[in-house]
Every structure is written in C-alpha cells, then in structure tokens.
Amino acid sequence: MSTVAANAPGVAGSGLQDVAASEASLRRFLHGLPGVDQVGLEARAATLGTRSIKTTAKAYAIDLAISMIDLTTLEGADTVGKVRALCAKGRTPDPTDPTTPRVAAICVYPDMVATAKDALRGTDIQVASVATAFPAGRAALPVKLADTADAVAAGADEIDMVIDRGAFLSGRYLDVFNEIVAVKEACKRPDGTSAHLKVIFETGELQTYDNVRRVSWLAMLAGADFIKTSTGKVAVNATPPVTLLMLEAVRDFRAQTGVQVGVKPAGGIKTTKDAMKYLVMVNETLGDDWLTPHWFRFGASSLLNDLLMQRQKLTTGRYSGPDYVTVD
Amino acid sequence: MAKKKNTEEPAAQPTGGLFAYAPAPESPAAAGDIATSYGHFIGGEFVDSSGSEALKTVNPATEQVLAEFAQGTDEDVDRAVAAARKAFADWSALPGSERAKYLFRIARIIQERSRELAVLESIDNGKPIRETRDVDLPLVAAHFFYYAGWADKLDYAGFGASPKPLGVAGQVIPWNFPLLMLAWKIAPALATGNTVVLKPAETTPLTALRFAEICRQAGLPKGVVNIVTGDGRTGAALTAHPDVNKVAFTGSTPVGRAIAKQLAGTRKKLSLELGGKAANIVFDDAPIDQAVEGIVNGIFFNQGHVCCAGSRLLVQESIQDELLDALKRRMATLRVGDPLDKNTDIGAINSAEQLARITALTDAGEAEGAERWSPACELPGTGFWFKPTLFTGVSQAHRIAQEEIFGPVLSVLTFRTPAEAVEKANNTPYGLSAGIWTEKGSRILWMANKLKAGVVWANTFNKFDPTSPFGGYKESGYGREGGRHGLEAYLDV
Amino acid sequence: MSDVATRLDVLKTYKLYVGGKFPRSESGRVYEVTDAKGEWLANAPLGTRKDTRDAVLAARAAVKGWAGTTAYNRGQVLYRVAEMLQGRREQFAAEVAVSEGIGPKKAAALVDAAIDRWVWYAGWTDKVAQIAGGANPVAGPYFNLSTPEPTGVVGIVAPQAGYGHSLLGLVSVIAPAIATGNTVVVAAAADAPLPALSLGEVLATSDVPGGVVNIISGRTADIAPTLASHQDVNALDLTGAIASDGPGAAPALEAAAADTLKRVVRPELDPFAQDWTNAPGTDRLLSFLETKTVWHPMGI
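Chains as they are written, first to last, in the working numbering: chain A, 1 to 328; chain B, 329 to 821; chain C, 822 to 1121.
Keep in mind the hints are simulated off the structure, nothing from the lab.
Misleading hints may appear alongside valid ones.
[Stated by the list, open to error] SDA-like mimics (lysine to any residue), calculated; alpha carbons at most 20 Å apart, straight line:
hint, chain 1, residue 1, chain 2, residue 2
1, C, Lys885, B, Lys492
2, B, Lys791, C, Met1119
3, B, Lys492, C, Leu1107
4, C, Lys885, B, Leu773
5, B, Lys670, A, Gln260
6, B, Lys768, C, Leu966
7, B, Lys670, A, Ala46
8, B, Lys492, C, Ser1108
9, B, Lys768, A, Tyr60
10, C, Lys885, B, Thr745
11, B, Lys768, A, Asn211
12, B, Lys791, A, Ala45
13, B, Lys492, C, Leu1090
14, A, Lys54, B, Pro353
15, B, Lys791, A, Lys58
16, B, Lys778, C, Glu970
17, B, Lys778, C, Leu1090
18, B, Lys670, A, Ala59
19, A, Lys273, B, Phe347
20, B, Lys778, C, Thr1026
21, C, Lys885, B, Ala352
22, A, Lys58, B, Lys752
23, B, Lys752, C, Val884
24, A, Lys313, B, Lys752
25, A, Lys58, B, Ala352
26, B, Lys481, C, Ile952
27, B, Lys768, A, Pro34
28, B, Lys768, A, Asp63
[Unchecked claim] Across the chosen pairs, the derived CB separations fall in these ranges:
hint, chain 1, residue 1, chain 2, residue 2, range
29, B, Gln730, A, Thr47, 28 to 38 Å
30, A, Gly32, B, Pro757, 36 to 46 Å
31, C, Ala1073, B, Asp612, 43 to 53 Å
32, C, Gly908, B, Asn777, 30 to 40 Å
33, B, Gly697, C, Glu1089, 35 to 45 Å
34, C, Gln907, B, Asn777, 31 to 41 Å
35, A, Gln256, B, Gly769, 22 to 32 Å
For clarity, every value in this text was computed on a predicted model and none was experimentally measured.
C-beta atoms are modelled at their ideal positions from N, C-alpha and C, and glycine is treated no differently.
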C-alpha cells in the first residue's frame, strides 16, 4: 500500500520510488527539500500582487476565475434546498448574461452529494465532496475511508480529504502518506475509474513554509491529484505566499516526475482583486499549462458575486452593487 | 538600438500566452508640467545660467527631448556656493529642532507629491514606474524623515558634544537613482547644519529641479539648498571650488579617484560612494526559489544600473544546472518595456552612451568565450533597451567578471567550497556589497565575516533603509551614507 | 696584566623591524643619528623603497591572523606591550631625551605617558565595536547589524615633530591602528628614529605577531611615497608628512593615495604645535575601520 509507483505512474522513473519505503527515508527526503525563506517568499507574493490587470486581461481573468470556482457550502445548517440553490447559481451565475461561464464544481458535505449531483445533471460541473472527517480529520482511518467511499458512491467526482495534521506535526510522515494512499484507493469506483483526490493541508495549522513544502511533496508522492491549502474553517486559510509555495511545489514535482498536480487555494479569497493576484501567481509561476479549471481551482463562496459585479462593470461600464447579483 | 543578436531560447515555461496583461500605463501627465527649459536654483530662486550652453534631457524610452537645461558655468557654481555660504551662518545657528521641522516638512511634501515625482523620475530616467512608486519614492521620504529626527539629537550621536557642521557641501550625484541619491546627500547635510550645492546627473536633472520647488514650498530659507545643473565640467567646478568645505560624490570609481586627487592637499572632507562588482554567492543548501528571486532582484533591479548590483553570480558547482534552469525560467517572465506601464519589470537603459558601454562589454564577454543567453523578448523600436542577459562559463579573468557593466547583465561563475567562494568574491578592487544564500546560520556568519564588502545581504539582496549605513571597502569608496554613521560625513569630527 | 681603568661599552646596532625580524636595510646602508646639538648618537639603517615593499608584504601576510584574533586577545597583547615598555623605561627615557633634546624628567614623563597610552588602547580593543557599530532598526522584517572591521594594511608616516613625537607620538599613531586589527608599516621619525627602532624590540617580545607592526627608519621621502602608491596598502596616516618633507609633500602623497582610493588621515596644519601628551580621544581609533552592515531576514 505504501508504494508510490501504483499511484503516480511518472514517479516510478524519477528516482523517487523508494522515498516512502520507510519512515526514515521519507523523513530524509522531505527534510532534504530546499528551505523556504519566509520573508523572501512573502516579498515575491506581494510583488506579484502589484500587477495591474486591466481591460482585456481583466475580462479574461474574471471569466477564468469564475470557471475555476469550487462553489462551496460547508455548513452544519446546509439543507437540500440550500444545496439546490447553490447548484442553480453555479449553473447560471449571472441570469442577466448568458455568456457568463459556469463554475468548476459545487463543493458540499458527503450527505449532500446526491442532491448536488441531481441538481447539476446535464452540465459538466463537478461535484466535490469533502471527506475524511472534515474539517478536523480526527477520526479512525476506517471511518475516514467509509466517509470517502460513501461520497464516491453517492456520485462525487472529486474528494477533498484532510490530512492528519497531528501526525504530520509530530513527524509521523509515513502515517500521513499511508492515509492519503488509502483514501486514494477508496476513491476508486467499481468501473475502475476514480474520483479526483484533493488533499487539504490546513496550512494555517502547519505554521511554517518549510512544512508546507514538505507536505506538498508528501501528498504528491502519495498520489494527490490536487493539493489544497485549507478547509476554510480555521483562522488562517489560503494566503498568496502559501499558494505561491504550493505552485512552486507542483512545478518542481512535474519537472522531476512528469506528473502534473493541481492546486486549490481555499478560504478567504473574497474579491476579484484577490482572485487576480492568485491568477497572476499561476501565470508567472506555472504558465498556460495550469491556467485551466482542470489544474487550478478557487475554494470560495462569496468570491463569485464579486467577480460577477466586476464582470457587469466591464460589460456595462457602470459599477454594480450587491442587489444586482443573486444571493443563494 | 541594441540590435546585436543574442542567443535566444524560448522560455522553459512560456507565460503570457493565455493570460496576456493588457497595457496598464501610468499617465505621463501625472508628472506635472515640464518646462521647455530650466536654469539653476540658486539662493531660493530659479535663475538663468551666466552661460548660453544648454543640454537636453531625453526620455530614454522614447528618445524624445523632455527639456533643455543649463550647462552650469564656473560663474554659476560660484554664485551657488556664495548663496550657500551666505545661508550657512543662519542655517547652522538655527536650533536643531527648527531644522528638523523643515526636513519633516520636506518629507511630508514628498509623500504628498510622490506620484508626481515617481512618474517624472520614470520619464527622465527610464526606470519602471513600479520601482519609482514602490522603492525610490518611499525611500526618499523615509530618508528625510530619518535625518529630520537627528537634527536636534546630534549631541547623542557619538561624535562628542555639540558637533559642528562643516559649512558648504558640494554634492554630485549619479543618474541611476536621481531623487534617492539627492535625498541621501541633502537630508544628512541639512540635518547637521550644512548648506548644499547639488549637481544632478546630466541625463536626469528633472526631479532635482522639481525638488527645488519643494524646498520653496516648504519655506526652506534661501540658499540652504542650491541646484546647479550641467555635465562633468560643472561637477568638477563644484568639487574644486575653494569655498566648498565638504565634497560628497556618488558615481564611478574613475571619477571618484579624480576627485580624491583634486582634493589632495585641501582641507575638504570627502566621502565617495563608487562602483562595485558584487558577488552573489549561492550554496547548495540555499532556499532556492528565494535565491532565484534574489539573483533576479540583485542584477535586474533598475536595469542593473545599481552600484551594489549582484553582477557576479557565484554558484556552488553541485547545484549549477538546477539553479541556472530555474534562473532562466524566471528571467523568461521578466517584462521589458514601457517604464510607465505598471507591469514593467525592466525599463529603458538610461542613455545611448550607457547602452553603448553595456553593448561593448557584453560583446567582449562573448569574444572572450563566455556563453551568452537571453530570454526571447520583444524590445520597443525606439529608445534605449537591453535584454536581460546571462553569461555562463565565465572566469575571474574575463572582463565581464572584473569590470562594472552597470546594466542587466549577469556573469555566472562557480565554486566548490566556502573558502573558494570567499576568495573569488573578494578578488576585485571593489568592495561595496555581497550576497550569501544558505540555510546554515553559522556559515552565513563565517562568510559575512570574511567578505570584504560594506554591505552583506544574507538570504536577501538590494535592501535599503535610511537607518542602515551604506558604503564600500577598497575602491568602492569611503564614508557611509545612512544611519548614525551617515552623520559623520557632514560633521567636523 | 694591563692597566684597564674603564670598561668599553658595547654599542647597539640599530636595525629595522620587519615581519617580526630585525633585518639590516637591504641596501646595507646606514645614516647618522645625532642629538639636538648635532652630536653623533648612533647609526640607523637607511631603509629603502625595497625595504618598505618588503614591510608591506609582511604587513599584508599578518592581516588575516591579527584581524582574526579575538578583540580580547588583542587587548592582552597591547597590555603586554605596556608591561614590556615599563621594564625598559630607563632606556627609552634616555633615547627620548637625546632625540627630542629635553631633560631626563620630562623624557621619563613622556615614556610613562607612552606606556599609559598602550594601556588606554589595550582597553579599547573589545569596546570599539560597541561604540562604532550597532543594530539598525530597518523598516522591515530584517535583522540588521553594523560592525566595524579593520581596513587592512595602514601605512603610517610617524610624527616628525611636536612635543613627545619620538615615542609618545609614535605610540599614539601605531596603537590605535593595531588595536582594531590593522597591521602597519611605519616610517619612523627621520631625525629621531632611535625610540622607534627600540620599540621594535619591545614589540618583538610582547606577543605581537610578526608583521603586525613594521618599522622603517630612513628618508621619509623614500618611504612615504612607496607607501602612498603601493596598491596593497589600504590606508595612509600622513601625520608626519608635512614636517619631514616640506609643505608640498602631504598633497603629493594624498594624490598618490587617491589612485587606489586609500583612506587618508591628513596631517595637522601645524605639526610643530602638536602636543602628544594631549588626551587622544577616539578619532584615530575610528579612522582605520570599515563599517560592514549585514542584513538577514527574520522568519520562521
């Protein structure tokens, strides 16, 4: 179960196949990754944040951002009605303008997957389900696997799992690795296909950028299809520097293994201006290959309406207001 | 210009194909009115030159003439020094707390007018608006704020009780950071009670002349600040003037050497901030992504028109390939072009003359066998431009490893051990700055101790702050600017 | 048995002090040193340009070790010099008296002052970084520290005039330069070189590493220009330049020094009026230092 090759075909030829052979080798590898200087990383992210995105570039970026949204509701108070409304919003973000793109996915708890799947029928909008005792992840492995399998069985196209941060912070890297491998296994469908696996790090709890780089590589080695910053449920969620660091990780991972992995910042991205900064980071760190919903997503809810207001402004030349976009 | 063919490769990871940034130009009109011709600023008034010779300053991005300005004559310099001398008695007698308030006022006005000054600086110098806006102008204001606070605290600066000013300071500044160099010169001089005659560079006089307006706006007593424009002849007249007590020069080592000779046997105090050929040393345990940013910032910031630029990359052999791949990938994302576009990373080379020098030295690099690389990028049709350029296979014997190029050109050398890195880094008559990239703390301190350089940036590069002394070892000059140390150059100690 | 009424004194052959050794001048030549009345005192080696260049080589070779030793250790060494000088107080008093043409009491007081000056600078070695350096509160997440470092090799034209110049003046220019880790090549007072040459003997027995101080006697007009134009000399102390060679010398030396942008300490306007018993202050101590500022980000 701990062999990498089975999960990431490219890894086999990259000299990394034995990395997870033991706790010691995995630790050695992760701690051998280049360090991250906090000040330098944050300065670079801030500089990229000063890019001025205007006119045609802005129009392109707004539509791209909308198409990259995992429109999310993850509340204890979620109901079938709420999820249906959200799906409707995802299908038709701006009823006044049919040229508005659809979102990439609707992200819900496992028990809402079937509802979302039903509401999105006939579209290519994906249903993403959080799983593995989201958001804390504090449950026994069989429970997490059952949670995952349940969501997949209900039709989830994508699974957003959380890693065991406790295990990671106490240095039990192989436990974290094996859990991701197991969840990936649980993503398999009877027909041999597999739900896409997004691995959430909860970077706000990992504290250091060195940890973020290590956990990114750990997850990618274990077979993650996407790496995702946050649950949106803690004080610090996605930030530009954390996301930039993860973009650098997927860039380096592809260079070394040939395997491309997606990135999803989640939580706290609320404005068009924020979204532009993230897309600039993708553009200047990874380039065209990642500038698609297939490889980059925003985990967000309120972001969509701000993008829609800005879009209306570009179309009509007038500043829009919250009453001119739908609330769901 | 710069039609020399470079070896070009497509970027390793092409960017900008899908997400191409539309032009985001800052408005040239924000620079305020630029007069068709300028005289000097002497004794608080804008006055005509005694001579008839006029020079032209051009926008290096368009080659269009921005304005004519006076070629300062010996008589002009004489008038300016006399005005400064006249003002000195009252200015130096003013309580420090009052001098402080003038400087605080100037700092505030600079902050208020920072957009105007940033745009004007970009137009006259060619540097990107992103840098004038985010680096130059904030530092200019900060410098005046910092030294304003010293004016009434000089008794506590460690130079004895009631340290005395020197008198009239003759200051000659370069074109690479016109307004920032002006601030580095004028702020400490005024705080300590000196009066000044400043000569801006002949390719970038406009922000200094605009600063003269700010002096008037601040109500600064007449003659405390005088600005005389012109080329090297005017500068030489100023530094040679018998009634100048202090000479401060920032510029090339040959000119600094000539000034030091000129002042031999006089009692004038001299501070010099000259050239550099800094080594940026990257070890195999460096934080690699930040090191790449540091290298890029070290040599491509301000088109490489930086005396402390990290123009020699010393990379440990074991990570040479990896680092160069990453560096080339990053260089391919640099945006060269219109300085007023907010997304421009590299602007125009300041002058045709400087472009010719860069071109000549890079040609010599190729002729001597170094391998040249530049990312594919379109350069504008008019103006002075040079692609970000990398030379590999460079040895210490190459001219491009020895001479200051003062352009966006990086020479890459390798080393095997820390001792070899130190030896190569110090193997130059210059000693202005150095960079170290490694995650090992004890090695940083060992290296920092061994490097003969006035500023050592460890895991960072090209950082400046008014509180931090700046200046060189060896032929990079003497004296320090910034911080408590910067006061000494303007005090009779 | 012959009738020997008086014992013949053994005269001292004065030698240069270079690289911790006592060579004769490579030229083999000497010159006569006389007292204030013109009476012959001794022969001093006539140091040449070549001797000066050798001394610069020795000084350069000593920089790494001396600058690299701890400030505490340098203080111990300088204090040891004071101890050794104290032990030879009478000899130096006699040399100073004849060199400067002053009485024995005054000469002894000048030697005492010279000893005390070594003690003053011995105490400075591990404090100068704290008054000349410091933390700079930059507006960003950086640790930023300025520390003074020795400039390197300092060429010194020793005082040729002024009250106390022959020993106290000499000590007053050597001690501050080496206290901070520089090494020096000194052109001794041409007319009064005996205390300087004897000081070499004290230094050699005081744990001062060879090459840290090099003393050349001879014509200043030969030695000083060699120092001023030497590319491997980092700084120049022209304290004695005007008095030895007339009004034109200091500017010429300063101009030569400009070729490699040496740090230059200019002579006083009137060196004859200089009283070396005056409190030295910190000016000279701070003259041959380079401020190095190191930045490092602060992060986790």
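Checked hints:
no.	hint	result
1	Lys885(C) with Lys492(B)	violated, 37 Å
2	Lys791(B) with Met1119(C)	holds, 14 Å
3	Lys492(B) with Leu1107(C)	holds, 18 Å
4	Lys885(C) with Leu773(B)	holds, 17 Å
5	Lys670(B) with Gln260(A)	violated, 32 Å
6	Lys768(B) with Leu966(C)	holds, 18 Å
7	Lys670(B) with Ala46(A)	holds, 14 Å
8	Lys492(B) with Ser1108(C)	holds, 18 Å
9	Lys768(B) with Tyr60(A)	violated, 44 Å
10	Lys885(C) with Thr745(B)	holds, 19 Å
11	Lys768(B) with Asn211(A)	holds, 18 Å
12	Lys791(B) with Ala45(A)	holds, 17 Å
13	Lys492(B) with Leu1090(C)	holds, 19 Å
14	Lys54(A) with Pro353(B)	holds, 10 Å
15	Lys791(B) with Lys58(A)	violated, 32 Å
16	Lys778(B) with Glu970(C)	holds, 10 Å
17	Lys778(B) with Leu1090(C)	violated, 38 Å
18	Lys670(B) with Ala59(A)	holds, 18 Å
19	Lys273(A) with Phe347(B)	holds, 15 Å
20	Lys778(B) with Thr1026(C)	violated, 30 Å
21	Lys885(C) with Ala352(B)	violated, 54 Å
22	Lys58(A) with Lys752(B)	violated, 48 Å
23	Lys752(B) with Val884(C)	holds, 18 Å
24	Lys313(A) with Lys752(B)	violated, 58 Å
25	Lys58(A) with Ala352(B)	holds, 11 Å
26	Lys481(B) with Ile952(C)	holds, 17 Å
27	Lys768(B) with Pro34(A)	holds, 12 Å
28	Lys768(B) with Asp63(A)	violated, 45 Å
29	Gln730(B) with Thr47(A): 28 to 38 Å	holds, 32 Å
30	Gly32(A) with Pro757(B): 36 to 46 Å	holds, 40 Å
31	Ala1073(C) with Asp612(B): 43 to 53 Å	holds, 51 Å
32	Gly908(C) with Asn777(B): 30 to 40 Å	holds, 36 Å
33	Gly697(B) with Glu1089(C): 35 to 45 Å	violated, 54 Å
34	Gln907(C) with Asn777(B): 31 to 41 Å	holds, 35 Å
35	Gln256(A) with Gly769(B): 22 to 32 Å	holds, 28 Å
Violated hints for the displayed structure, listed by number in ascending order: 1, 5, 9, 15, 17, 20, 21, 22, 24, 28, 33.
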